[in-house]
Structure formats: C-alpha cells, structure tokens
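2 protein chains.
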Amino acid sequence: AAMAGWGWARAVRGLLLDVSGVLYDGGADGGVPIAGSAEAVRRIKASGLKLQLCTNETQATRANFVRKLRAMGFDVSVAEVTAPAPAACRLLKERGLRPHLLVHDDLVPEFAEIDKTNPNCVLLGDAAENFTYANLNEAFRLLIEMEKPVLISLGKGRYYKETDGLKLDVGAYMKALEYACDVQAEVVGKPAKRFFESALAELGVPAEQAIMIGDDIVSDVGGAQQCGMRALQVRTGKYRPSDENHPEVKPDAYVNNLAEAIDIILQQL
Amino acid sequence: AAMAGWGWARAVRGLLLDVSGVLYDGGADGGVPIAGSAEAVRRIKASGLKLQLCTNETQATRANFVRKLRAMGFDVSVAEVTAPAPAACRLLKERGLRPHLLVHDDLVPEFAEIDKTNPNCVLLGDAAENFTYANLNEAFRLLIEMEKPVLISLGKGRYYKETDGLKLDVGAYMKALEYACDVQAEVVGKPAKRFFESALAELGVPAEQAIMIGDDIVSDVGGAQQCGMRALQVRTGKYRPSDENHPEVKPDAYVNNLAEAIDIILQQL
Chain Y
1 AAMAGWGWAR AVRGLLLDVS GVLYDGGADG GVPIAGSAEA VRRIKASGLK LQLCTNETQA
61 TRANFVRKLR AMGFDVSVAE VTAPAPAACR LLKERGLRPH LLVHDDLVPE FAEIDKTNPN
121 CVLLGDAAEN FTYANLNEAF RLLIEMEKPV LISLGKGRYY KETDGLKLDV GAYMKALEYA
181 CDVQAEVVGK PAKRFFESAL AELGVPAEQA IMIGDDIVSD VGGAQQCGMR ALQVRTGKYR
241 PSDENHPEVK PDAYVNNLAE AIDIILQQL
Chain C
1 AAMAGWGWAR AVRGLLLDVS GVLYDGGADG GVPIAGSAEA VRRIKASGLK LQLCTNETQA
61 TRANFVRKLR AMGFDVSVAE VTAPAPAACR LLKERGLRPH LLVHDDLVPE FAEIDKTNPN
121 CVLLGDAAEN FTYANLNEAF RLLIEMEKPV LISLGKGRYY KETDGLKLDV GAYMKALEYA
181 CDVQAEVVGK PAKRFFESAL AELGVPAEQA IMIGDDIVSD VGGAQQCGMR ALQVRTGKYR
241 PSDENHPEVK PDAYVNNLAE AIDIILQQL
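Chains as they are written, first to last, in this note's numbering: chain Y, 1 to 269; chain C, 1 to 269.
Worth flagging that the hints you see were computed from the coordinates, not collected in a lab. Here the structure is a predicted model, which means the values were calculated and not measured. Among the hints, a few may not be true.
[What the hints assert, rightly or not] Sample of chain C residues facing chain Y (criterion: CB under 7 Å; computed from the structure):
| hint | residue |
| --- | --- |
| 1 | Gly7 |
| 2 | Phe131 |
| 3 | Tyr133 |
| 4 | Arg158 |
| 5 | Tyr159 |
| 6 | Tyr160 |
| 7 | Lys161 |
| 8 | Thr163 |
| 9 | Lys167 |
| 10 | Ala176 |
| 11 | Tyr179 |
We put the beta carbon where it would ideally sit given N, CA and C, even for glycine.
Next comes chain Y alone, as it looks inside the complex (with noise of 0.2 Å):
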C-alpha cells in the first residue's frame, strides 16, 4: 500500500479489529493465526492506541473465544471483545423480551441471566449441527403462533468456510424463517450501525478517531463507514480481488494484511 494520502490517521486514538481473516483463517473447528499479526496486536497495546475486537463470532462465548485467540498468541481479553450475543442481551432486556434460543450450544452461557420461559421472541445465531429440521420447526412454530413475532438475528451472514468445506451461515436460515413467517429479523451484529456504536462506547473513542479493519468489504468496511469511521480492507481472509470493484463501498485503504496496515498507522502518529 502506498504511504501517500494516509495523513487522516494522524488523528488516530483507536482501532475496531474484525477477527477471523484478519488475525486468523479457519472457522470454528479450527485456526491458524495469519503472519505478522499476533506481533500486529502487541505493537498497537505498545503503542497507546486503543484496540477492540468486533466480530459477528457465534459459536462460542467470549470467555471461549478468548481463549483460542490466547493460544494462537493473541493478547486480548474478554473485555476487548464486542460480539453480538452481549450485544443482544441488552436489547432483550430494554424491550423485556424472553427469547427461544436457536443457537450454539456453546454460546448458550452467554444468555445465562436472561429469562428464557414463556417465549415472546425466537433469537438465531450460528447453530450449526443444532440447525436440525425439528429445531428449525419449532422456532417456526413458536414464531408463527405470535400476535406479532419477534425475530432476533446474530448477523447476517450467508456462508463460512471451515476446513471441511462451505458451510451455510445463519442469514440462511433467517431469510427461511423470515419468509415462512411473513416477518423481518432484527439483525445484532455487523453491519448493524447499533452494534457498531456498541463497539465504539467499549473502545471508548469517537468514530472520527477510529478505524476499522476488516477482510469483508460490506460487514466490516461498508458498516463502519456508515457509522463515521475510516475502514481499511485487508488482502486476507475473506477478501477477493472483485471486492475492489465493489458498486457501494470503497475502503479508505487496503492493505495487504493487519501488519501492514499497523506498520503504516504507526508511522502517521
């Protein structure tokens, strides 16, 4: 990437980190950290920036997340991690809503102090082997049965890779409950311009001195432009050369990954 026209990081306090395809590649079932980016992270600590990491991640709780990143040689903490089931229970609890969980079995911590009984809303994440035929049925059911059904999305998402191959991911299986239900997801999760904001209070930086950095072009880059921030797109991850000819969004920058986007942020300050 070229040095010239970066000067807009000068004013720099804070960097939004998307996580899978910028730190590592792999899904769920596993993950190899990409080159240069465990470095990456200790280098922007060292440096005084403030660093949050903003991920759509449903299959886990933050603690567990936390965890794998930790042994892949991630310094990150659990505080430093925006994810839409946290995200999510603060919406049920404003609205006093008391979800049917179709989602992860390992995610199902993270809603521990919600109140689960008597259903008046059905709130999806990536379930994986839990999107069963019989499970999918009865959040349909639950649904329909509503004077006014509430559908809760963590993201949108339509496929992952993982290492045995595409998977659908859980903006699938909204759109399938969506229709048959005649109803529209709320979805919690990025590119959602609430959950960005979410993201920004935890950084505890305005948009206008933060960056994200991100490999998906319209989750990440498109998302956090619309909320004020600079976005850059990193060459990894997700990334595909026709992202450059994207129709509606166009990053502040690309680079070729995270530490090369970190080489150059430093040099600005």
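Based on the hints, put chain C in the right spot on chain Y.
Using the frame of chain Y, we list chain C on its own:
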C-alpha cells in the same frame, strides 16, 4: 353460496381440483376425507365433465399418492394427477439438466429416468426429515461451485399442517439457498403459469372451459385466474375468513366445500 351469477359455469367442460384441503384434510402423515368429496368426484365423472387433480404434493410418487386417495374412497387414477415432479422431469430433459436431488425419499422414484451423475443443478422438494444441516450444506456447496447456479424448487409453499403440528415447507428452504447463493429459484408447481398449462393440457380442455377449485387463495385461485381460468375457493383446508379480503385475488365464487361446488356447477349444465 348464491346460485345467481354462475352463468359462466354453463360453458364448463373440465375441472381442475386441488387435493389437500379440498378432497381431504391432513398431511403426508395421514389424512381424513372431507365430507361429501368422494361422492362429488363420482358425480363429476358421471356427468361427463373431465377431471384432473392439480397438486403441489412432493412427498410421494403419484402412484403412492393415488393409492392413498383410493384408500380414502376417491375414484382417481395416476393419469388424472398433475404434480410437480413429472413436470420437473420434462424441464430437466428439455434443458439437459442433471439434478442433485434434495427431496423426500418417497419421491425419488419419480426421477428414475433422469441422469443424476455430475449434477449441474439442484432440485428441491419438500424433503421433510431430509432437510438436515448436512444435506442443506451439501446442496449449497454444489450450487455455489457452479459457474451459473441453477436451483429448481417443487413449489414455494411457506408451511403446512400435519397432525403433529405446523411444518416448514419447501419455500422456506428455497429462500435459504437463494440468499446464500444469490440466485433466484425456478419454481415448478402452482402458482407457476406453465404448471397450470400442463394441467390443462392433461385435462384436454382450454382455460376458458375449465374451472379450478382450491383452498389456497394465491396458489390455486390466483394462479388459475392468471391462466384465464375461472377459479372457486372452498371454505375448507387452509381457507381463512381473512382470505375474503385478499388485496389482489378474488375468486369467481366461494363455496363451502367441494360437494357444494359440484352441486351448483352440475345444475348449470
């Protein structure tokens, strides 16, 4: 139903009948004949009117479907059933398509003559218990890896009722795959115009001399009217009083059930 205003029925030479909700109530897991319907079918045949069943049923071969109907007392034959699977077979042959099938086990024999090696499309039916996480991922992977994904769906129903409760229908899974692959499915079955045209060809009567009788305001009544047929809605099966305020579709008449429809039609002849 009032007898006035049925003058148009004098020209009728053939009837298309929906099956579930018109001849019987209940799903693939059972079925109870609707009072007077078996006698109504006998009266149609005795009158010399032509008869064709026009169904979106995809959980059984036509042979098994007819066996079930005959066991319930309906005098019908395989040749009198227009169903999506045979229509899909014609389409596959015409276009040189080799399907990967995601359908109910009992429907598979309908595709015995079709080349299924090295698939170049995915064909979706109401697969019921076969709608597993693994099977959906497999269908998705085949589609996403095609240069131009072709998804064919046997109907696009949202849900149906069985004795043990509501079940998601094929349309919900169609929407999931459409979203994940960014494709539009081709629907074979009601309300597709081409499907009604096949049914009319098998009935051997032109649209203006045929009447469709069904319980679904959109699939049966709307679809048939778009082909130039008259269409009656029965107040059995999935009929709901709110159907009578449908913003777009208005049947040519309402009848309480099939028996009443046949009473009135035969009196016009």
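For each hint, the structure was consulted:
| no. | hint | in the structure |
| --- | --- | --- |
| 1 | Gly7 | violated, 37 Å |
| 2 | Phe131 | holds, 5 Å |
| 3 | Tyr133 | holds, 5 Å |
| 4 | Arg158 | holds, 5 Å |
| 5 | Tyr159 | holds, 5 Å |
| 6 | Tyr160 | violated, 11 Å |
| 7 | Lys161 | violated, 10 Å |
| 8 | Thr163 | violated, 14 Å |
| 9 | Lys167 | holds, 6 Å |
| 10 | Ala176 | holds, 4 Å |
| 11 | Tyr179 | holds, 4 Å |
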